[in-house]
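Let the hints inform the model, and build the full structure from the sequences given.
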Amino acid sequence: MPEVFIDGKRYEYEGDHMLLQFILDQGLEVPFFCYHPSMSIPANCRQCMVKVGTPVKDRETGEYELDENGKRKIRWFPKPQTSCSTPLQDGMVVHTQETSEEIERAQKDNLEFILINHPLDCPICDQAGECPLQIQTYKYGPEGSRFEVKKVHRPKRVQLGPRVVLDAERCINCTRCVRFTEEISETNQLTIVKRGADNYPMTGPGEEFDDPYSLNTVDICPVGALTSADFRFKARVWEMNQTPSIDITNGKGCNIDLWTRDNEVLRITPRQNPEVNDYWMPDAGREAYEQFNENRVSRPSIKLDGNNHSNTSWNNAVETFAEAIEAHDPKDFAVIGSPHASVEENYAFNKFFNLLGSPNAIFTPHIIPGYGDDFLITDDQAPNTNGCRLINLDEVDENGIKTAIKEAEIVVILSDDLVGREVLTAEDFSDTYTISLATNKTDTTKASDLVIPITCIAEHAASYVNINGRIQRSYPAKETKYTNRRLNLEMSEGRLDRYGTDFDNWVSEDNKVDCLPLWEFLNHLGDRLGLEFNFEHSRSVFSELSDHFEALENVSYQKMDEEQGVQLPIENTEVKQA
Amino acid sequence: MAQDWKSYEPLLIPDIPNLQEIDVYEDNDGYKAWKKVLSDQNKWSRNNVINEVKAANIRGRGGAGFNAGLKWSFMPEPDGGPRYLACNGDESEPGTFKDRKIFEYNPHLFIEGALIAGYAMKVDVIYVYIRGEYISWVHQLQKAVDDAYEKGYLGENILGTDVSMEMELTYGAGAYICGEETAMLESLEGKRGYPRTKPPFPAQKGLWNRPTTINNIETLANVPLIINNGADWYGNIGSEEHPGPILYGISGHVNRPGVYEYPSGVPVLDLINEVAGGIRGGKELKAIIPGGSSTPPLRADQLEGVTMNSDSLKDAGSMMGTAGMVVMDEDTDMVEVLWRIAHFYKHESCGQCTPCREGTGWLEKVLIKIKNGEGEMKDLDLLLDVGNQMEGRTICALADAAVWPVRHTINRFRDEFEARCKKSAHAVA
Numbered sequence: 001m002p003e004v005f006i007d008g009k010r011y012e013y014e015g016d017h018m019l020l021q022f023i024l025d026q027g028l029e030v031p032f033f034c035y036h037p038s039m040s041i042p043a044n045c046r047q048c049m050v051k052v053g054t055p056v057k058d059r060e061t062g063e064y065e066l067d068e069n070g071k072r073k074i075r076w077f078p079k080p081q082t083s084c085s086t087p088l089q090d091g092m093v094v095h096t097q098e099t100s101e102e103i104e105r106a107q108k109d110n111l112e113f114i115l116i117n118h119p120l121d122c123p124i125c126d127q128a129g130e131c132p133l134q135i136q137t138y139k140y141g142p143e144g145s146r147f148e149v150k151k152v153h154r155p156k157r158v159q160l161g162p163r164v165v166l167d168a169e170r171c172i173n174c175t176r177c178v179r180f181t182e183e184i185s186e187t188n189q190l191t192i193v194k195r196g197a198d199n200y201p202m203t204g205p206g207e208e209f210d211d212p213y214s215l216n217t218v219d220i221c222p223v224g225a226l227t228s229a230d231f232r233f234k235a236r237v238w239e240m241n242q243t244p245s246i247d248i249t250n251g252k253g254c255n256i257d258l259w260t261r262d263n264e265v266l267r268i269t270p271r272q273n274p275e276v277n278d279y280w281m282p283d284a285g286r287e288a289y290e291q292f293n294e295n296r297v298s299r300p301s302i303k304l305d306g307n308n309h310s311n312t313s314w315n316n317a318v319e320t321f322a323e324a325i326e327a328h329d330p331k332d333f334a335v336i337g338s339p340h341a342s343v344e345e346n347y348a349f350n351k352f353f354n355l356l357g358s359p360n361a362i363f364t365p366h367i368i369p370g371y372g373d374d375f376l377i378t379d380d381q382a383p384n385t386n387g388c389r390l391i392n393l394d395e396v397d398e399n400g401i402k403t404a405i406k407e408a409e410i411v412v413i414l415s416d417d418l419v420g421r422e423v424l425t426a427e428d429f430s431d432t433y434t435i436s437l438a439t440n441k442t443d444t445t446k447a448s449d450l451v452i453p454i455t456c457i458a459e460h461a462a463s464y465v466n467i468n469g470r471i472q473r474s475y476p477a478k479e480t481k482y483t484n485r486r487l488n489l490e491m492s493e494g495r496l497d498r499y500g501t502d503f504d505n506w507v508s509e510d511n512k513v514d515c516l517p518l519w520e521f522l523n524h525l526g527d528r529l530g531l532e533f534n535f536e537h538s539r540s541v542f543s544e545l546s547d548h549f550e551a552l553e554n555v556s557y558q559k560m561d562e563e564q565g566v567q568l569p570i571e572n573t574e575v576k577q578a
Numbered sequence: 001m002a003q004d005w006k007s008y009e010p011l012l013i014p015d016i017p018n019l020q021e022i023d024v025y026e027d028n029d030g031y032k033a034w035k036k037v038l039s040d041q042n043k044w045s046r047n048n049v050i051n052e053v054k055a056a057n058i059r060g061r062g063g064a065g066f067n068a069g070l071k072w073s074f075m076p077e078p079d080g081g082p083r084y085l086a087c088n089g090d091e092s093e094p095g096t097f098k099d100r101k102i103f104e105y106n107p108h109l110f111i112e113g114a115l116i117a118g119y120a121m122k123v124d125v126i127y128v129y130i131r132g133e134y135i136s137w138v139h140q141l142q143k144a145v146d147d148a149y150e151k152g153y154l155g156e157n158i159l160g161t162d163v164s165m166e167m168e169l170t171y172g173a174g175a176y177i178c179g180e181e182t183a184m185l186e187s188l189e190g191k192r193g194y195p196r197t198k199p200p201f202p203a204q205k206g207l208w209n210r211p212t213t214i215n216n217i218e219t220l221a222n223v224p225l226i227i228n229n230g231a232d233w234y235g236n237i238g239s240e241e242h243p244g245p246i247l248y249g250i251s252g253h254v255n256r257p258g259v260y261e262y263p264s265g266v267p268v269l270d271l272i273n274e275v276a277g278g279i280r281g282g283k284e285l286k287a288i289i290p291g292g293s294s295t296p297p298l299r300a301d302q303l304e305g306v307t308m309n310s311d312s313l314k315d316a317g318s319m320m321g322t323a324g325m326v327v328m329d330e331d332t333d334m335v336e337v338l339w340r341i342a343h344f345y346k347h348e349s350c351g352q353c354t355p356c357r358e359g360t361g362w363l364e365k366v367l368i369k370i371k372n373g374e375g376e377m378k379d380l381d382l383l384l385d386v387g388n389q390m391e392g393r394t395i396c397a398l399a400d401a402a403v404w405p406v407r408h409t410i411n412r413f414r415d416e417f418e419a420r421c422k423k424s425a426h427a428v429a
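Going line by line, the protein sequences match chains P and R.
Residues in the first sequence are numbered from 1 upward in steps of one, following the UniProt record's numbering.
Residues in the second sequence are numbered from 1 upward in steps of one, following the UniProt record's numbering.
Hints listed in this document are in silico derivations from the structure and should not be mistaken for laboratory results.
What you are looking at is a predicted structure, and each value in this text was computed from that prediction instead of being measured.
Errors might be hidden in some of the hints.
Cut-off 27 Å, straight-line C-alpha distance, at most; resulting in silico cross-link-like pairs (DSSO-like, lysine-lysine) [what the hints assert, rightly or not]:
id, chain 1, residue 1, chain 2, residue 2
1, P, Lys151, R, Lys422
2, R, Lys365, P, Lys150
3, R, Lys283, P, Lys79
Set out below in structure tokens:
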């Protein structure tokens, strides 16, 4: 097997590799800025320099030539090589900054160059805490600067497009953003303008950077040059919690992180998953964070005259719901599940009404033909259409929903804004008693007689099946009125969890929504009605699910954690077009 | 041979009126070499043409001085896909202005050479990348290309054979970096002129990832001479290691600046004193830059016995480059000269690689400080150190080209730089 020697240690390899990626794959470190594993290699930052040599072979025999000590003779490249653009060769000898003073000096020299025209104001830069330049400078940079002449001042606060702001003075011309628009999103909206140290990325004259994936350039910018217009200066990374989750704005199920501070989601960034979204996500998915904080249904409410709602107690809400059920024949219910809700929610919801003797829950997919692209945006506007199919909810079209409502005496709707997305009008259920179990205030909750607030994806553990049949899970990122951060083992830990004190008082009570996980509310309702319905947790809902459905055999939260989701054996997994 | 330079008759730009007209060119043996090759393709097989050029030992006239025939032989065997020859006429280094002479006085010689090269490497399209500011020569070259098409020297089934080739002109937009061979390829592809990392080399992956060879205009203009007269004849022109006619572009403080054609290996001092008419105003010679601004300058006292060939100039501590010699008289302020050169490289750095993008600007700013009398002695060491940090650490050689003049001008004229810096020292009371 071919071999390579890095800093004196021998490594075997198979296939073709570039040196930098190979070094990183071994858990070793070489500093770099312009290299990104998903894009072309321009080798322009010149930071990942290493010393490289290849063994000398006898031309006739093909044998390695040996020196007087019996060791292979090495022919060293005359100059330091950029490891990102150097392919591995059998017998190659590599010295990184760890074992070569020449390379250590070369990397320091290069950082000195990068820093001469880069403002050294990390405490006020928006990228502080997430800046590779800051980290590399700390680890490999010069102790001071010998640059005593005037810096180049490139433009500041340039609004490149609706979502991205450029501080060109910080740019180190790594061209990652430009290459992203050329190679990944393929809009070619960015280019480098001017020359030399005056260089910076810019759009064409009169054009704006409105690429539907534009915010990915902010993630990959190795300095604070590109920032999100929305998130800019809103929070510091070290005061936020980072919780893994799933993008619910379309059917792709991009893996994401929810960034929370003081119990509010302030930012959404992609989480790498080569099976789903690689390193990327659409801008629309990032803008969804507001719906986790704002316009939430908090406390149950009952409709008074006209369209006015009045808040009520949980006890009264359970009582009202139970009385409505008891006053009617369960066969006359229309139970409407939702592709916007999780697998667990749809399952618990359907199971509850099945126990009462109601018809199986129905759902209607939320698909806008032609809306999607060939990348991460799909025609399917919901995260869990396949999940509803998987647990055998009855898939109906708009007429099916209308007919079901027309024939029903009570309509129960789970987290689907059927009025808002124009499947129904408010008049359609003006004659029936309508109950909404919802996360946010919508046209549907407005038209409902009873509204029960339930937790959203940012507040509970749940799973979703994407358009390709991959089941993936979320974790709670926010507390509700009834969760305890420290007791809830599903919640991720932030710096203040680990090091804060009870007196930090960093979670404002005002930011906690008065809502319950769906299964927990149904437990209360089941108790009142005397049903055998009692879940302890989302996890227990899922474990029951996996016993019930063949496709979920051997799938568990643990497996989804370990493998970043599980591919299900679902036939024809692409969403059927409406 | 070089000693015979006075009796030399120009071959690249002979004194024939209206040679740019195709009829006049034909009357003077024009396209003879091309017809010779096409009419006897057995004798002049592709390999034989390459071997003849290799044997002539012609070294590229763009500055790097690589053996042109050897370069041609790097082209892989045809695989059915398109192949290209890219002709570099984007000269724009200070002191270099010799290709324009060919465009002006003998464009067909270049076209003929490019066709023979294209035939030898079996290319489909010849691109000519010509400096956009050369607008009148652009028009003239375009007319020559049109005439060559009309006469059947270019295009489909050239002169009734099964050889076909197209030629297209592309204009540069005033970026020095686009004269760097891989940046030129990017520019030809319609992209920003950024040099490419090598490998892959252009012969493997050039224009649109297809095999491509890049040659200088003057190099190609030599090719018909070699085919017409043979490698031996050619090898006897000028110095042995670097044979052939050379266009010497002489500028600066001489009485008759201009482009002169002589064999390689003319003594430097003869070029200055006899060809260019000596230093203007009867002043003393102070220094020269032998081959474009990137080549290290030489002091007058280093020039005794030095001839214009790469080995001799290397021994003297410089390079042949493009043979665009800048001559400076005794009144020249070397600090100002170096600042102006540094300014050029700072202005022309494409900005792709960190050491060049940042280093060229740093060098210039420190030189401005020194020029303005605000420099300190430590700045001289800083300049040399910054140069060391740049050299050999970038994708292309622009950073090296920016460093060499700094290093060698400071080392060879250090007293002038020190004098400037000492002025800023404040007297201690």
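Comparing the hints with the structure gives:
1. P:Lys151 x R:Lys422: holds (25 Å)
2. R:Lys365 x P:Lys150: holds (8 Å)
3. R:Lys283 x P:Lys79: violated (43 Å)
When each numbered hint is compared with the structure, a violation occurs for hint 3 only.
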